[in-house]
Amino acid sequence: MASAPGVIESIIRNKLQTGLEAKHLDVINESYMHNVPKGAETHFKVVVVSDKFDGLTLIKRHRLVNDILKEELKSGVHALSIEAKTPAQWEASDKVVESSPNCRGGFGK
Amino acid sequence: MNLLFRRSFVPINKAFQLSYRSFAEAGIKEKIDSIVKNNKVVVFMKGVPDAPRCGFSNAVVQIMRMHAVPYDSHDVLADENLRQGIKDYSNWPTIPQVFINGEFVGGCDIMLQMHQSGELIEELKKVGIKSALLTAEEAKKEEQK
Chain A
1 MASAPGVIES IIRNKLQTGL EAKHLDVINE SYMHNVPKGA ETHFKVVVVS DKFDGLTLIK
61 RHRLVNDILK EELKSGVHAL SIEAKTPAQW EASDKVVESS PNCRGGFGK
Chain B
1 MNLLFRRSFV PINKAFQLSY RSFAEAGIKE KIDSIVKNNK VVVFMKGVPD APRCGFSNAV
61 VQIMRMHAVP YDSHDVLADE NLRQGIKDYS NWPTIPQVFI NGEFVGGCDI MLQMHQSGEL
121 IEELKKVGIK SALLTAEEAK KEEQK
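Chains A and B, in that order, give the protein sequences. FYI, the UniProt record's numbering numbers position 20 of the first sequence as 20, with every residue one higher than the one before it. FYI, the UniProt record's numbering numbers position 5 of the second sequence as 5, with every residue one higher than the one before it.
If you're looking for bench data, these hints aren't it; they were derived computationally from the structure. Among the hints, erroneous ones may be present.
If you want the footprint, here are the derived chain A segments under chain B, 3+ residues with CB under 8 Å [as the list claims (entries may be wrong)]:
#	stretch
1	57-64
2	81-92
3	99-105
We treat Cβ as the ideally placed atom computed from N, Cα and C, and that holds for glycine.
Isolated chain A, as found in the complex (with noise of 0.2 Å):
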């Protein structure tokens, strides 16, 4: 795990980083988790705290970071797991990230 972060890996966490102003950011390439080569960049978890998701369902949430991240979800990137939180709701979590769920194996089929 401490290889150099990828190339998808470093524009999500840019795009995040600018698209949302965030005060804090998790970029997790959890490929390796999943039935791809070593090295793939397929599947994320990123954790954005930001203060534009003040009001903002959770849905609505998920749709501004999936809009942002619109190529990159259309070319490669096939898993993308979402913790959408506002800095007073980051401030009042335990700041624990889980990662994703066992792959079960249906990647490409």
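With chain A fixed as given, assemble chain B onto it according to the hints.
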């Protein structure tokens, strides 16, 4: 001669496949429309509830099971048209997708958070489904009386 024969045939065959495909695509929106409007709860997933083929789909199945929700499920891996069609229909890029009362509710993350916050029990109540978790809670309270 044989080669010539084949060559002349392949494009016709392809053209037929192409027109057939676009015909199917044109109907997919209506098909999804009728699926989500005729069932209170619908899950579009990878695999089937007894054998989900993706961890995110499995998580949604487990949540539904906990609440004992009757739902209609559709395997997008069995139908490429549906796999793309459902993403276009809800303008949502990933699978699974959950619909309640014809409305797109969310994917795995949202279902999980709605389950944790208790919001799911409320949403189910609105469409006349009583969550098993609520029933269990009431039974517990009754015992304590």
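Outcome of the hint check:
1. Given as covered by chain B, the stretch 57-64 of chain A passes the check, having 4 residues with a CB less than 8 Å from a CB of that chain where 3 are the minimum.
2. Given as covered by chain B, the stretch 81-92 of chain A passes the check, having 3 residues with a CB less than 8 Å from a CB of that chain where 3 are the minimum.
3. As drawn, the stretch 99-105 of chain A meets chain B at 6 residues by the rule of a beta-carbon pair under 8 Å; at three or more, the given contact holds.
Hint violations for this structure: none, all hints satisfied.
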